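Asker: Chain residues, written in single-letter form:
There are 2 protein chains.
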Amino acid sequence: MAVYTQVDNEALETFLSLYNIGSLLSFKGIAEGVENSNYLLHTDAGTYILTLYEKRVDASDLPFFLGLMNHLAAKGFACPTPVRQSSGTMLGTLAGRPAAIVSFLEGVWLRKSLPRHCAELGAGLAAMHIAGADFEVTRPNALSVPGWRPLYDACNGRADEAIPGLSQEIEQELSFFEQNWPTNLPSGVIHADLFPDNVFFIHDKLSGFIDFYFACNDAFVYDIAICLNAWCFERDGAFNISKARSLLQAYTQVRPLSADELTALPLFARGSALRFLLTRTYDWINHPEGALVRPKDPRECLKQMRFHKDVTSPAAYGLDY
Amino acid sequence: MAVYTQVDNEALETFLSLYNIGSLLSFKGIAEGVENSNYLLHTDAGTYILTLYEKRVDASDLPFFLGLMNHLAAKGFACPTPVRQSSGTMLGTLAGRPAAIVSFLEGVWLRKSLPRHCAELGAGLAAMHIAGADFEVTRPNALSVPGWRPLYDACNGRADEAIPGLSQEIEQELSFFEQNWPTNLPSGVIHADLFPDNVFFIHDKLSGFIDFYFACNDAFVYDIAICLNAWCFERDGAFNISKARSLLQAYTQVRPLSADELTALPLFARGSALRFLLTRTYDWINHPEGALVRPKDPRECLKQMRFHKDVTSPAAYGLDY
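Protein chains in written order, with our numbering: chain A, 54 to 374; chain B, 54 to 374.
Think of the hints as simulated: they come from the structure by calculation, not from any bench. Incorrect hints may have been included.
Pair by pair, the computed Cβ-Cβ distance ranges are [as the list claims (entries may be wrong)]: (1) B:Arg169 x A:Thr58: 37 to 45 Å; (2) B:Thr67 x A:Asp289: 22 to 30 Å; (3) B:Thr58 x A:Ser228: 55 to 63 Å; (4) B:Ala112 x A:Ser228: 58 to 66 Å; (5) B:Asp257 x A:Asp289: 55 to 63 Å; (6) B:Arg169 x A:Glu159: 31 to 39 Å.
DSS-like mimics (lysine-lysine), calculated; alpha carbons at most 30 Å apart, straight line [what the hints assert, rightly or not]: (7) B:Lys128 x B:Lys258; (8) B:Lys258 x A:Lys349; (9) A:Lys108 x B:Lys356; (10) B:Lys258 x B:Lys165; (11) A:Lys258 x A:Lys165; (12) A:Lys108 x B:Lys165; (13) A:Lys165 x B:Lys108; (14) B:Lys108 x B:Lys349.
What you are looking at is a predicted structure, and each value in this text was computed from that prediction instead of being measured. C-beta atoms are modelled at their ideal positions from N, C-alpha and C, and glycine is treated no differently.
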């Protein structure tokens, strides 16, 4: 929620001269994005987002992220589209940082969602999975099972400071998943971070996805599982089966799920809850005293993980099975 | 440099329904403004700024500020124009805060200015003074001589913590100004905070002024004095007489200065340096440890104050006199 790198008008005008999008009318730093600095940019030619990639983003991943957005947009999937410099490159340098300009995607993210929004999300997610199928660059998922134990180890045995008893529960889950994680499921490019603030709507209709900076190659069902956790639990922790049904039905109407995928869904939902439990626990115990940004509550993910552990059939998610 | 109050899409949509500017397409919190929360807003009808007024702004002043922007815009002066609700009011309530929507003013603020930009500023300032002449609401300048001593007293004798010896120098200046402050100079609405970040340019031409939240009634020469300090000193503290000359010549071509105003200019320049020295000293000694925003350096104003104290004629500002 901050602009980490300040850009001055002269440097930006020089940078813009490398593009064919007219000259600068205005730019404003926007309070969005935890990882990067973002500016909303007006030129003679239209409205854009300028992103400066900060240190937490591995610059070697940028061709994947920008290439993916470009690929999806070319397939008609609604997402920010990287603008090329006259030289053809999508990635430049500004204020000492890797930087890119993408088209501005209209839409607002929903603070409260209804089942019909989850249906929009599900159909959009399936469309994204199909549109990304022939994208040729790959990026492994750093936050799947092999990445979880290092993340847990980085908590230095302090997980119980976030939630008493958490260490033991995480260790049990890690051991379980290290021995029971399905492979050979249908895979491709997944977004891997489709929380509500990355999904835009206009008048109750999906207008597109943003923030592809966790995108990677993995089982499609991992993406669905993340959405189940991010969209289908109420603030009090209760699972909303109507939302899950809407999401899954809409998804399968666009891209049917195989029997293997359906069977694996509860396990992936439990695993994706663990993945966010781990990063939130890490952030919780490493949170600087008095910092402006409140860390997200790991308790939410723990409850979800326990919920999915008890699920024995995808029928629990509202599917006829 | 922050968004203090979070707005959710539903509350914003309800708020927008009070206006005739179409429905919501997107909104982004922008990292501008120290006092208020600002959002850049897209609707079917165009681009706007939504401002939520935070506690540091006295709500009883808002009709003056909004009325002034409305008045200036109606006179053809380029500044954000408040949008009226269907009921006619320019001021509403959103997320528990007084809130207004204004038109979006294109332009960038200059991190480095040249004499030609100072000429644009001078001509614009004179045009604003003329356009505001018949605005009928008034607001006294809380940061003129009578306001300075309370501000100094609020520093609790700690000014020397900012700059050794500062207390004594401020006390001498306060006593001097309390006995030697010209009255009866041509007066009207002044902006009172025309630092570079409040002055927008497109392709080296002035596109308008923003942030009228210090505007008040006072001598026009006070506004000119603030601009001399804000625009005509280099980073190393050196006075740039070419910039001052450009600013003043362009101003006087639009609104000639009387002999009294010219004579008073060095005193107002010295006084306006003291005014910002006082607020910066207060902010410096009351700055929370480790806060994100670095307080502005009061030393800059002190040097300016000393410079103007030695000026014996407006010829020092590049005017033929």
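Asker: Against the structure shown, which of the earlier numbered hints fail to hold, in ascending order?
Answerer: 1, 3, 8, 9
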